[in-house]
Every structure is written in C-alpha cells, then in structure tokens.
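Student: What follows is the residue order along each chain.
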Amino acid sequence: MFSDIITAALSGISALIVHVETDINRGLPVFNIVGSPGSEIRESKDRVRAALKNTGITIPPSRITVNLSPGDLKKDSTSYDLPITIGLLTALEYLPPSCTEGILFLGEIALNGEIRPVRGVLPIISTAAKLGIRECIIPAENAAEGSVVPGIKVRGAADLKKVIDYLQTKDESILPSLYTDPSEILYKGNEKYPDFSDVCGQERAKKAAVISAAGFHSLLMTGPPGAGKSMIARRIPGIMPPLSLSESLELTTIYSIAGTKPFGKALITKRSFQAPHHTVSSRALTGGGIDPKPGIISLAHRSVLFLDEFTEFGRDAIESLRQPLEDKKIRISRVRYSVEYPADFLLICAMNPCPCGYYPDRGKCRCSENDIKRYLGKISGPILDRIDLCTELKNISISEIMDGGKKLSSEEMSEYVSRARNMQKERYKNTEIRFNADLKADDIKKYCHLGKEEETIAEELYKKLSLSARSYHRILRVSRTIADTEGSAEIKKEHLLEAASYRPDLDYFR
Amino acid sequence: MYSCENFFARVHESERAYAFWLVSVPWIGNGPIPRLLEYYGSPKDIYKASDEDIEKIPGRKVNTGPLLKYRKEHDIFRKYDEFQRSGMKLSFVFDEDYPLRLKNIPDPPYGLFYMGDLPENNKLSVAVIGARQCSEYGRYIASNLGKALGSNDINLISGMAVGIDGISQGSAIASGGRSFAVLGSGADICYPESNKGLYEDLKKAGGIISSYPPGTKAISCFFPPRNRIVSGLSDAVVVIEARTRSGTLITVDMALEQGRDIYAVPGRLGDELSAGCNGLIGHGARVYLDPEIFMQDLTEDHMDVFEYGNGTDCFRSGKIIPLYDSERDKRHRNYCTEKKHFPKLDQSHLEIYSRLSFTPKTPEEIHIEILNEGKDSPGETGICLILMELCLQEHAFQVSPGYYIKKSS
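In order, the protein sequences belong to chains V and X.
Residues in the first sequence are numbered from 1 upward in steps of one, following our numbering.
Residues in the second sequence are numbered from 1 upward in steps of one, following our numbering.
In isolation and in its complexed conformation, chain X is listed as follows (with noise of 0.2 Å):
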C-alpha cells in the first residue's frame, strides 16, 4: 500500500493548475493520480518530470499515456484559465470545500467539478437510488421520500436519471428541499436529456457533481465510478426498486464498502423489480417502511453530524449502532400495529378503495376481483363512477388511461 500523506496535502495557490491538469485529462479516471503523488510529491513536480522519469515508476505498471499525451498537446495554465472563466467549480481533495463525508471514504476522487453548490458537511443527506424503468409503486415512493427529505431539510444525493432517481430529486427541490446530483458524464452536459429541466433545477437549489472533465460524453462505464460517489458523499442510502442484477446493486456494494447504512424499499414477492431489494432485506439491509420513521432513525445514527459538522460517519467517528434498540423497535412495532386510518368513505366506495393498491389496476380487473369473492359488483361502469369520484376526492389517481392506484394523503 502507497501512503496517502501526498494525495491530500494542500497544493499551493499558484501550482493548481497543476492539480488541474491531473484531473481533466479525459479517460484517466483516478487510478494513476495518488500513486503519481506518492512518487513525485506535488502534480508540479509530476508536471516538471519527463516523460521517460514517468515511464520507469517503481512497481506496477502506471497507465499515464494520456496525460502525457495531454501535456504535450494543450498548454494547461491556458486550459486552466479557460476552465476558471467558464463558471464551473473545482475541488480539491485538500479543499477546505471538499465534502468530508467522500474524503473518508477508500480512494476519493482527487477532484470534483461541479456547478452550484456542495453537499454541506453539517447536514444528514441520503443517497435515493434506484431502478429506471421504475413502477408505479417506485414512483410512489419515491416522490414521497423526495418530499419528506426536501422538506426536512435533508440533502438527497442521487444520479439524476429516469426513473426513481429524477423522480425523488424532483419532488425534493419541489418541497423547497436541496439535491445534489452526480453525473457519469462532464457536469456541463445534461443527461439523460430529458431531464433538462430538473437540471437547470437542481445548479440552483442543489448541485450537480462529476468527477469528469468537462466535455465528457456519458458512456456506460463512466456509471460505477458516479455511483462510488453518490453514496460516498451521503450518509445512508436509500433503495427503492431495483432488479436481481441491476446497476442499483452495484451501488449498494460500493456503499457497503464505504461503510453506509443501506435501506431497502420492500415490495411483493414475485415482483421482479422488487427482487433485488426484498433480496436486500435478506442480507441484513434496514426496513424503509414510512419516510418519518426513517427520519427518525437516520438522526439518531447521525447526530454526530450535527455536533461536529464534519460529516464522519459512525464508522469512523468510533460509534457504534447497537444492534438492537429498544426505542427504535418499538416505534418499528408500532408501525406495524398501528391502525392504518382509512379515508372517511361510505361502503361502497371503501369497498373500491379497499381494493386499490400502487399497482394499476383497470375497473374490470377489481369488477372480477368482487364477483370472485361472491360478493355483488356494481359492475365495471358503476366501479369507473366510484373510481372517478374517489379521484375528484384525491384517494384514487388515474396513472393512464383506465388504470388507477391509490392516492395516499
């Protein structure tokens, strides 16, 4: 193992365009850099050295092709220069602004661009991820986790894509929350596109993040890496809907690593895109059952974040989460036996709400559904009627045409 005394030691003022030049070197990822460091001492130093010095390092070959390459090809102090006028931000590892929290973890990016802002140190924030090609449910929960965490001020940290990720994100800044999303491409270029707007969102109330140059295509293996960083820089993860082999697990591999709580959504058996967590759940990840119960747990484990500001974990920070606790179960159990207040309804209509769930279901689908118990249907246009007023009187949400789930206050 290589010292890491080198890699985070401050890099003056007048030399950044050096650490500059480490770090928008396309393709270079964060491989060679602390090794570089380790050898050379400052990214002058690795600057000044020839390119056969660079060659012949000690020990395992070091891949510094492109930044050779990149050295002789563009004057960097002009690159540089042009990089400060464009308005997007730099930080260094050794920055007073790095987020402690991705500081601690294994192998840190030695920088990251962004615009907007950072995640602060001082404040709980949590990873959201989660499938794409999310279900309804997914949406469900992730909206409202989004507009729990937006409105309690708890930084939501996620990938900005389709699905879970936009959707969470989205209803965070919606709900006067802040988040912060780590992209797989360079800061400046929006993807997906087609979450354009809730990128021009989030540079004002939140921020987007990368660890690539800027100008960087996203290509799919630029994801592994974003996803290190999304749960590095938060304080316990989310996951809401996720396949058996899905890139969502992927992530909760590397936040395991970095010493992350992991919560994971539950879903009915059999439904594939619950799989992978319900899988979660089965290897020891925490229950998310109610975003409030979540909060509650989330504070508890990290209330060192609010006496220090410095965004240690438990892991580090020397505290240990008891494995059981008695205040925290029972408020489990009381979840779990608390009566669920039903909508005031009259009978017929709670019968159809009854019978609603966040899966789509078409008035036919619960006409059978009653016939099938034996019971008298109103038929599939008296239950349409029922499902219409249920939706004027916001318990029922028409998600396409014909299909409705239930709308929870």
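With the rest of the complex left out, here is chain V (with noise of 0.2 Å):
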C-alpha cells in the first residue's frame, strides 16, 4: 500500500514542504529509507520501529519503502519521526488514508512513544499557514510556539497514542487546537531588564547609552577594569522599546530555528543580550554549520551584541561583523546551501584604554607608547569606521558609590529613547531608512539640516578637529539622534557640540 504525509524542512529562516512517502510491498522485510536522508533520519527507522511497538502496534514483516520528497534535498532533522510514523500506518491501512489528507506533521518519536519538541516550529508553521494547509500536529512542548500562527490549526500532541486516537476518530477534545493572540502575549510587558539606576554615576556613558539605543549608534566603551562597562551594556536591551509584534515573530523565528529558545513559550518578548567571549570563532558568530543554525549575530537581531575586551577578538570574528553590519542580515554560502540570517544589531564595544587599563594616567600607567600603538592597533579599522560613538569610564568615587540621591533610572532614559525612536518613525515614514545610524552622506543632506550658526560651528569642528569626511557625517548623524532625543526638530549647536565630544578617536599620538 502507499500513503503520503506533509511534513516541512528548514531553509533559513523559512521552510519547505517534504512530502512523505511510504510504500509497503511483500518482499525480504526491510526499512529503507531514501531521499537524502541524513544520519539523524536513518536512525529514525528503529525509534519508529520502538515507538510502536511501546504503543501496542507491531509492524508485519514486509519490505518497507520512505521516499523523502523533494528527493535532492538534503535532510538532517528528527522531526521526520513523526509523519514516518504515520506515513507508515496509513500505508498500512492501520489508519484510513483520507484521515491525515491535508495535516502536516512535526516531532521526534521517543523509544516509549512520546513526542518530543524538535526546532523550527514557528517558520514551519507560518510557511505551511502560508501555502494553504489548514491544520498540523505537533510536539506539545512546541504548540505554544506554533499557536500563535493565525489560519491554521494547531494540536499539540504528547505521546503517539493520542494521534493515532485522534486521527482514528477526529475527536477534537483528544488534541484541542490552539490558538494565542501573540499582542496579547507580547503587550503584558511584563519583561524584568537589570536596571539602569543600579549604575553609580557614569552620567555620560549612560547618555551614550541612551543615543546609541536612541538611533541604533553602534557604541564603543573605555575605561578601566571594573569601571562599569559591562554593567552599562547588560542595561541597554531594557532602555529600547518593547517588540513590536513582527520583532517579536521574527525573533522568535530565528531563536525557534538556533533552537535556543526554551520550549513551552510562545514567543520571544524580551531582547536579548549576547555577549560572547572573546575566544569566539567567526563561524559561531555568524552562524552555519553542516546544518545551517543562525549564529549569535542574528540571535542579537533587534538587539544588543556585545563585544567585551573588544581588541582580544580574533581579527577573522571582528572581520565576519562587517558585512552583517552594513547590510543587517548574514548571507552564509556553503557548498551544500545558501541561507541568508536577519542580523540587525546594537554594536557595543568594551575596552580598556590600553594594556594596563589607566592610560592616559601616568602615574598609574607604565605602558610604553609603542604598547599602547600596538594595542590600539588590532582594532580592526573598518570596524571602527561603522562605530558611530565612544565614550570613556573612570572608575567612580566612594562618594558617588555611597550616594544614594537620584540616579538616572531605565524608565527615564527610555523616555528619551521612544522621544527619539518616534521622530525617526515620522521623519522616515516612507523611506527605506529606520533609524539616524542608517543615514548615507546624501541622506544626511536631506535629513540633518543645520542653520546658519550651526553650520560655522561645524566648519569649525571640521577644521580644528582635523576630521576627515566620514567622522564629519557620523557626528552629524549622532547630533541628530541628540536632538532627537530631545523632542528637537532642528539640530542645534550644542547637539552638535555633545555629538563632536563622543566622536570615536583611538589616536591618542599625534
């Protein structure tokens, strides 16, 4: 007998629909799989074999064919466990064949026949919403994450036994189908973010801080060790605006698809913080692999990617950044595939002055010139072109530790963000453009226009900065976000004088 089953592959950040076939003939009793199967489904055969036996469904001796349609892709997932399952009682008249006509199935089949979750639920679901199938049954640890797909039938199953039950008799209450207004998941806004005013002093890197999740500045920190750099960064993600629906959707996608994403939630609420260790290699920051999986770049998409000791990456890491930060998205080309990631994130960078940490104090700092060139010298220069802001740390006095006056507090410099954010909107409405950061030099013509005192005092700044064209446009950029931030319409004289004194300069020798 032969049956056909829907199931789905991954492919980026998409998916596409495999077909199942199963065929059972009378011949020498084998279990074939074919179609390009990786390890993963080959070893399939015998959870299935298990699984079914545990259910109470023993498989007759006979020759047993599964052909995995489109036959030239290449598969490596165990959620094929299920719809082989399933493939194969259908072709064994165990169940009727007009049963699963239509139903797409996902999960990997545990040897006592438990469905367990597998990756990848949510762009699955959506491809499969998208091209018309109305109704699918998966993993229950994963129904939360596909529930929120409107126009299709979503069943969370937890053993084998209920599908099979459900399918013989298509009683709804066997695998109810759920669904959940993912606003209403996402507006609860509930999300915990460390808060800013856990920070003691630092009033300027928090300003930084605040212009950078303002106009999406890439920012790059220094100062000692223990000045409070990363403490600073981890506070970022709770300043910037909760995630929209679609932010939320697609970083769900990619989190569904890395498969770090704790089962059981729906969604991705909250941005992420990703903070890598210096030892990274490029591929894991940018994603890949035999099985294609979005590195941490586009796990920190909308987000905060964070580059503590930012000179002790490897050159090959910080160079993979460059691409992914001008376009927004990682393209990784490979022999066997070509997938493209979302990768729009906040570039923040930590570092110490030099190798010590305290120069330019003196009395503190013995490195020598050629040490502190040297130092300087394995930042990568076109990564720091694309690094809109740099702003120092000291290590902050007793008094201000022991101060317990006001300080400046997530809630508030959040205000300063959406003031921001919010004028970018409107000003950008029906461009490409989304935030200041993304302004190209003819944009900025258009977008940052300067009065009459303000453009002498910019000549100025040009002249006696000694700036070259590109930190003229990145400081015009950034005075844009400040005046922004600051509900101005214009950009005024002192925006552009604050802007000029977070320009990234690393030259300290001339």
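Hints may contain errors.
Okay, derived cross-link-like pairs now, SDA-like style, lysine to any residue, Cα gap no bigger than 20 Å in a straight line [claimed, not checked]: (1) X:Lys79 / X:Arg132; (2) V:Lys493 / X:Asp45; (3) V:Lys373 / X:Asp346; (4) V:Lys364 / X:Arg132.
Computed from the model, here is a short list of chain V residues facing chain X with C-beta under 8 Å [claimed, not checked]: (5) Thr222; (6) Ser368; (7) Arg386; (8) Lys394; (9) Lys464.
Simulated from the structure, these hints should not be mistaken for laboratory data.
We put the beta carbon where it would ideally sit given N, CA and C, even for glycine.
Take each chain as given, in its own frame, and dock them per the hints.
Tutor: So this is what it looks like as structure tokens:
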C-alpha cells in the first residue's frame, strides 16, 4: 500500500514542504529510507519501530520503503519521526488514508512513544499556513510557539497514542486546537531587565547609551577594569522600546531555528543581550555549520551584541561583522546550501584604553607608547569606521557609590529613547531608513539640516578637530539623534558639540 | 694617568684607514684606544705591531682581543673604502669638524660616525632628555621647549627615543630648527623603529650621530655611553620628566661630570614621573620655568660661544657664573608675580577652563570637583559641551576619548 504525508524542512528562516511517501510491499523484510536522509533520519526507523511496539502496534514483516520528496534536498532533522510513523500506519491501513489528508506532521519520537520537541516550529507552521495547509500536529511542548500562527489549526500531541486516537476518531477533545493572540502575550509588558539606576555616576556613559539605543548607533566604551562597562551594556536592551509583533515573530523564528528558545514559551518577548567571549570563532558569530543554524549575531537581532575586551577578539571574528553591520543580515553560503539570516544588531564594544587599563593616568600606567599603539592597532579599522559613538568611563569615587541620591533610571532613559524613535519613525515614514544610524552621506544632506550658526560650528569642528569626511558625517548623524532625544526638530549648536565629544578618536599620539 | 697628546694628534690623510680600524671594531668601546695610542704613537703603529707585542703593553691589561681579531679577519683598507662610499661620514677627535664641546669632555670618543651634519661650535646647543613613558604634561613641555629652541636657532641634542626625546626633537624640526640625535646603535640603524619619520627628518635638518660603527644593533649597555655624548655635545641639559631611578638621571650624572648646567622641570609632589626632576632641584639643579627665561639665562651664561665660536664651556674658559645675579633674580621674580593672563572667556567657560591642567581630566572629574566645592555644576553633559567649545577655541585639547588637558597658547 502507499501513503503520502506532509511535513516540512527548514531553509534559512523559512521552510519547504516535504512529502513523506511510504510504500509497503511483500518481499524481504527491510526498512529503507531514501531521499537524501541525514544520519538522524536513518536512525529514525529504529525509533519508529520501537515506539510503535511500545504503543501496542507491531509492524508486519514486509518491505517498507520511505521516500522523502523532493529527493535532492538534503535533510537533517529528527522532526521526520512522526510523519514517517503516521505514513507507515497509513500504508499499513491501520489508519484510513483520508484522515491524514491535509495535515502537516512534525515531531521527534521517543522509544516509549512520547513526542519530543523539535526546532524551527514557528517558521514551518507559518510557511504551511501561507501555503494553505489548515491543520498540523506538532509536539505538545512546541504547541505554544506554533499557536501564534493564525489561519491554521495547531494541535500539540504529547504521545503517539493520542495522535493515533485523534486521527481515528477525529475527536477534537483528544487534541484540541490551540490559538493564542500574539499581541496579548506581547503587551503584557512585564519583561524584567536590569535597571540603569544600579549604575552609580557615569552620567556621560549613560547618555551615550541613550543615544546609542535611540538612533541604533554602535557604541564603544573605553575605561579601566571595573568601571562598569559591562554593567551599562547589559542594561541597554532594557531601554529599547518593547518588541513589536513583527520583531517578536522574527526573533522567535530565529531562536526557534537555532534551538535556543525555551520550549513551551510562545514568543520571544524580551530583547536579548548577546555577549560572546572573546575567543568566539567567526562561524559561531555568523552562523553556519553542516546543518545551518543562526549565529550569535542573528540571536542579537533587534537587540544588543556586546563585545567585551574588544581588542582581544580574533581578527576573523571581528571582520566577519562587517557585512552584517552594513546589510543588517548575513548570507551564509556553503557548498551544500546558501541561507540568509537577519542580523540587525546594535553593536556595543568595551575595551581598556591601554594594555594595563589606566592610560592616560601616567602615575599608574606604565605602558609604553609602542605598547599602546600596538594594542590599539588590534582594532580593525573598517569596524571602527562603523562605530558612531565612543565614550570613556572612569573608576567612580566612593562618594558616588555611597551617594543615595537619585540616579537616572531605565524608565527615564527609555523615555528619551522612545521620543527619538517616534521622531525617526515620523521622519523616515516613506523611506527605507529606519534609524539615524542608517543615514548615508546623501541622506544626511536631506535630513540633518543645519542653521547658519550651526553651520559655522560644524565647519570649525571639521577644521579644528581635523575630521575626515566620514567622521564629520558621523557627528552629524549622532547630533541628529541627540536632537531627537530632546524632541528638537532642528539640530542645535549644543547637539553638534555633544556629538563631537562622543566621536571615536583613538589616535592618542599625534 | 697617561698623557693624551697622541690621542689628539693629527693622523695623516693617508693613514685614516688605520684610525677607522680602531673605531669600527664592534664591542671595543672607547677604553683601549687612548692607551694604545699613548704606547704606540699613531694608529698605523698599532696596526703594524705584532699580536704578541700588543698583548704585552705594560700596566693594566688592555682588552685588545676584538681589535686583533678584526685585523686578522678583514682587509681594513677595503672596509674603509666601502665605508667612504656608503655615504656615512666619520669625524675623528683630531679633525677640524669634531665638535669642540665634545673634545673637551673627559675621555671623548675617538671617532664619531654621523649622517647629516655635526652640531656647529658657534651655536648654542641644549640637550633635552626625559622619560620615554611621559605624561601629557611632559609631552606639552617637551614640544613647547623644542619649538622655542627650534625657532631661536639653538641646536637641540637628544637621543631620538620615544617620549620626551622624540617629541622635543620633532617639534624643533617642525618649527624650522636643527636637531641632532645621538644613537645607541649604528647611525644607519633607526632605533626605535617607530621614529623612522623623525630619523629621516633629522638627517636633513640636523644629524644622526653615533660612536658605534655602522650596523651595530642597539643593546641596553650601549646607552649610557651614548648619553655621555648627548650631554657632551651641549651647553646645558634640560630634564623634563624622570622617575627617581632612571636612565635620564644617569645622563645627568655624566653631564655634571662634564660641567654642564642642569635644568630640571618641576612637577607636582607625589607625581612619580616628576620625582626625579624635583629631586634634582633639591640637589641644586636650576629650575626650568619657561622657554623664554631659560633661553635668556642660557645665552647669558654662554656668550663666549658667539664670541669665540669655540664652544668651550665656561668651566674651561674660566668664566665663573655668579651664584647670585640680580638681573636673573629679577627675571625669575617677575615670572612668579606676573599676572597670568587668562583667555577672555565668560564665567561658565572660565570656571571649567581654570580647572583644566596638564593632567588629563574627564568631564566627570570636573563635575565632582565643582560639586565638592559646593557650587552648582552644569552637569557632565554641560561640562562636556563647554569643553568642546574650549577645544574649538583652542584653549583645551582632547588627548584620548573623554580626557581633556589645558592648551596654552
């Protein structure tokens, strides 16, 4: 007998429909799986056999052939267990062929018949819904994630027995279909982030954090060890506006594919904070692998990628950030596949000003000029070009630690950020631009208009600070954001000056 | 003591190759040359003497091994020929162009290898020395002094090291002056390599001098003898920044031995990099106050340089500098009481400007300083704006991200 079951395979951040065709024939009893299966799928037959036995069904000795179509697509996933099992049962006429029609199956099966969670559920179900599939049966632990997709009945099944019972009886109470309104989850708005009020002093660094979050400007913090660089970075996701629905769906998709999302959670509702160690490889950052998975930069999508000890990162790892910083996505091309993952992250870097960390305090710092030059030389020029803001931190005094006075809190800071974000949204309504940081040279002329007085200041800045054209544009972009945080439509003199004080200028010795 | 007659005795043009042999042996130093010359008379005679003969020089043993080895292994005439074509120059102690100041120090180097020129005898010359890892303060003083010397046609002698040395020499050249570097390596080797630009500039506007033969790599033990030449070539030595135990202070010892005036740049107490300088002042060194005052003092002390053009220092010419000089005293007094003119700034800018110094400060520090005095602070961001304006008006300068120093006009 023959059967045809629908399932899906991941491809980048979307999915492809895969047909599991099963044929049962008389002949020597063998179980063959064809159609470019990976080792996970070849092992699947043993899981299927044991699971069926433990559910009380024995497979009669016969020649079983399973084909995964399209046959030229390489498939590596354990999510084919359930469709293969169902295909087998249908082909054995244990289930009527009509009952599986139009249903997408997904899930890994344990030897005792339990159905285990798989990754990539959200992209698969949304693709299925788009293609007109109206029903799917997925692992119970993935049900919450799948349930946010409208237009498709999502049923979560905990074990094989339930699936078989449901297919035989079509009794909705066995596997009820789930739907959750994603906006409801999203706008509960009780995400906990660490608060900026924990940071004593460092007013300027906090301001830089606001500007960075408001205009999506990459930020570099320099300062001695223990000044609070990581503390500030960790708090930046908390002052960004809450995730919008589309952002949240995007993020959930990425996390689902990467397999790093906690199962049982419907959506990612919190902006993440990715802080890879400086020994990270470029592959881990960008993603890839035999079975493509998003890397750290994609997990930091719409949130913060924090590189502590910036100078210690490998050249490869840092250089691999160049394209994603420019294009806001990463294309991974290998012999076997070519996938694209979104990677629109806010780059926050931290480093010491010199190898010992105390420059320019020459009482403490004994680094030679050469040591410092070599140290700074490790920073990649092209990446430094893409960093808009630079701020320094100093070790704070005891009086600041003891001071119980009011400190700028995340709440106040996020007000500035959302004001600036709203202004940007309004200004760039019908354009490709999302944030001030995206402004190119010609956009700057259009959107960063300067008054008479400001123009002279800008000219002076250019001459006196011996800026390059690129760093001049950078100052204009940042001053646009500073004006936005203050709700000012015009860029004023003080905005320009403040922006100039944040310019990244690591050429200490001239 | 041996007589030094033979040491200074002119060697005939045709015998220069022998003298070249004496100074081009690596690792020989200046030690055995005077004794050999005293015993044999001329470089040629030394060369002609047999190995056994040389080893039997009476008195304390002379380390002649490298000399003899070199003689055996190389054809010195060919070597000298090659050297003459290399573009580098060599001046012996008996030559006309050998700097007179250096000739007058105890135990001068027999030969000086150089590129560019040698310092002129009839011009004042000043050695500027100091720490390699200098602070912003030292950086500022060094470039200020270099600029003043450069624009007043006073030769600046230093060691081309990173830090004070290189900064002062660079700014002397930039302001159109001449500067000379004495290296602890061969004159054809740029050490440190990071000063390659300066090295090339010095060849054109001054000179690169070394007592070591071409090709000698810099080794730490070559530097003290180098420092002796730095002070030997100059009329006065200015110490800009030095820790209490440093190579700079070794140079000072040598300069004192040679009878040079020592000027030290005072620093704050407790500032490690100024401890050496402050110590020197405690021991009676002159205080460096200002490039103008320094140059006036210097010119008065060394008038004979212009008169005779012989570069003999006052120590030898018999002139005695009075311990108390009313003119000078008045000048120094004026410096202290002279009202420093602050730039014309409004109150808020002046408030911030007056808090800047040559020690880099962050806006945050200034903010706390103002708060601690019980005054109203414009806040870190406000201070930052004012600092940026001061930078634009060239009253302040940003040394590294977020750190500002005062910039004096």
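Student: Each hint needs a verdict: does it hold in this structure or not?
Tutor: Here is how each hint holds up against the structure:
1. Only pairs whose Cα atoms come within 20 Å are accepted, and X:Lys79 paired with X:Arg132 is rejected, the gap being roughly 36 Å.
2. Straight-line distance between C-alpha atoms of V:Lys493 and X:Asp45 comes to about 80 Å, which puts the hinted pair past the 20 Å bound.
3. As the CA atoms of V:Lys373 and X:Asp346 are separated by approximately 38 Å, the hinted pair breaks the 20 Å bound.
4. Between V:Lys364 and X:Arg132 the alpha-carbon distance is near 15 Å, which keeps this suggested pair within the 20 Å criterion.
5. At about 6 Å, the closest approach between the beta carbon of V:Thr222 and any beta carbon in chain X falls short of 8 Å, and the interface hint on this residue holds.
6. Hint on V:Ser368 holds. Least Cβ distance to chain X is approximately 6 Å, under the 8 Å limit.
7. A distance limit of 8 Å between C-beta atoms decides the matter here; for V:Arg386 the minimum to chain X is near 17 Å, and the interface restraint is violated.
8. Restraint check, V:Lys394 versus chain X: the minimum CB separation of about 5 Å is within 8 Å; hint holds.
9. Evaluation of the V:Lys464 hint against chain X yields a held restraint, the C-beta minimum of about 5 Å falling below 8 Å.
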